[in-house]
Amino acid sequence: VMDVDSFWQMLEQSALQQPLLAVVVLLFSRFAPLPASYQPWFFIRAVANAIRAKVAKPSNDRQQQYLAGTLATLVMLVPFAVLLIAFEQLSAWPEFFQAFLLYLSLDWQFYANQIRQVSQSIEKQQTSLARDQLSSLVLRKTDKLSDAGIAKAALDATAFRLSKHWFGVLFWYLVGGGIAACCYRLLLELQQQWNPKLLRQREFGFFVSIVERVFSAVPLLGNTLLLALWVNIRDTLTFHKYSQDRQLSFTSRWLLSAWAAALKCSVAGPIYYGNEKVPRVRIGPDTQPTAAHLLKALTIATQLQRVAILLVFGLVALRVAAL
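In terms of this note's numbering, the sequence shown opens at residue 1 and continues consecutively.
Some hints here could point you the wrong way.
Heads up, simulated DSS-like pairs for lysine-lysine below, C-alpha to C-alpha not over 30 Å straight-line [what the hints assert, rightly or not]:
| # | residue 1 | residue 2 |
| --- | --- | --- |
| 1 | Lys277 | Lys264 |
| 2 | Lys141 | Lys296 |
| 3 | Lys277 | Lys197 |
| 4 | Lys124 | Lys141 |
| 5 | Lys54 | Lys141 |
| 6 | Lys277 | Lys296 |
| 7 | Lys277 | Lys241 |
| 8 | Lys57 | Lys277 |
| 9 | Lys296 | Lys241 |
| 10 | Lys264 | Lys241 |
| 11 | Lys57 | Lys141 |
For the record, the hints were derived by calculation from the structure and aren't laboratory data.
Required output: the full structure, derived from the provided sequences and hints.
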């Protein structure tokens, strides 16, 4: 019979530490999330906005804007990664340091609480308050949205935040450890702050948007597959078939189709960025989303997270059995 010391030595010499620590951190971030005031991403946003204000000048031509955006992305990402690698080399327990970086990168609960507040405001018919609460979550124009429009925008935010800020961060942690997860989380923040959907930074944010889309593709498709299999794969396939749109990427249409099938309501549709209207296709049935759909989306999100944790735990169990 294997004693505790032998089991721990086996873990130290195997590849089991990383997924085990992932399960522990995921549970810890679920029940004891890092308060918003202690998250490092607010500082990152301030730095990103300062860089954009400094180098993304409307007077520059398009090629200069593309080049400035590319260099700005590298200036933020490369030193950040080098600094994390240096700290890892100095750490007495690198695996714990990597797990701590995963914890810093998981801020899904913060967004889930904001979505819940938006839902409560819609339920209480406090439309103006719901618009203000939503404006901190999305880039689109919110000051004229109806209750259904607010709910639809919040559903879009829920779908993509869960896919990237939870599934994406977890995926890159399992692939490359906490440094990879943290760098990916930084990439998400840069893409959000320099999003090319806004006309004033269309060229400046082009490079970071392309890089983020590449690194988000696999976890987004994985999240979509899990959601479709968990709830309604048949309607997901149907909605995606009729969702051809140049404004939405292939992976985004798959994800939104899965959520439309799961919630049985309409998602996506035309949006405004500033004064510019983006004519996106509507996905799903004609039923307009409500506050109840938002709460159901958060419930499904929690279920998907539990399934993902069980899958990771199952992977650990299989590896232990194979040793």
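Hints, verified against the model:
Our distance criterion of 30 Å between C-alpha atoms is met by Lys277 and Lys264, whose separation comes to about 26 Å. Distance restraint check for Lys141 and Lys296: the Cα-Cα separation of roughly 25 Å lies within the 30 Å cut-off, and the hinted pair is therefore satisfied. Restraint check: the Cα-Cα separation between Lys277 and Lys197 comes to about 11 Å, which is no more than 30 Å; the hinted pair holds. Note on Lys124 and Lys141: the hinted pairing holds, with a Cα-Cα distance of about 22 Å set against a maximum of 30 Å.
Taking the CA atoms of Lys54 and Lys141, the gap is about 25 Å. The hint holds against a cut of 30 Å. With a C-alpha separation of about 29 Å, the suggested pair Lys277 and Lys296 falls inside the 30 Å cut-off, and the hint holds. As the CA atoms of Lys277 and Lys241 are separated by approximately 24 Å, the hinted pair is consistent with the 30 Å bound. Using a Cα cut-off of 30 Å, the hinted pair Lys57 and Lys277 holds, with the two alpha carbons roughly 23 Å apart.
Distance hint between Lys296 and Lys241 is fulfilled; the C-alpha atoms sit about 24 Å from each other, no more than 30 Å. Restraint check: the Cα-Cα separation between Lys264 and Lys241 comes to about 16 Å, which is no more than 30 Å; the hinted pair holds. The hinted pair formed by Lys57 and Lys141 meets the criterion: a straight-line CA distance of about 23 Å does not exceed 30 Å.
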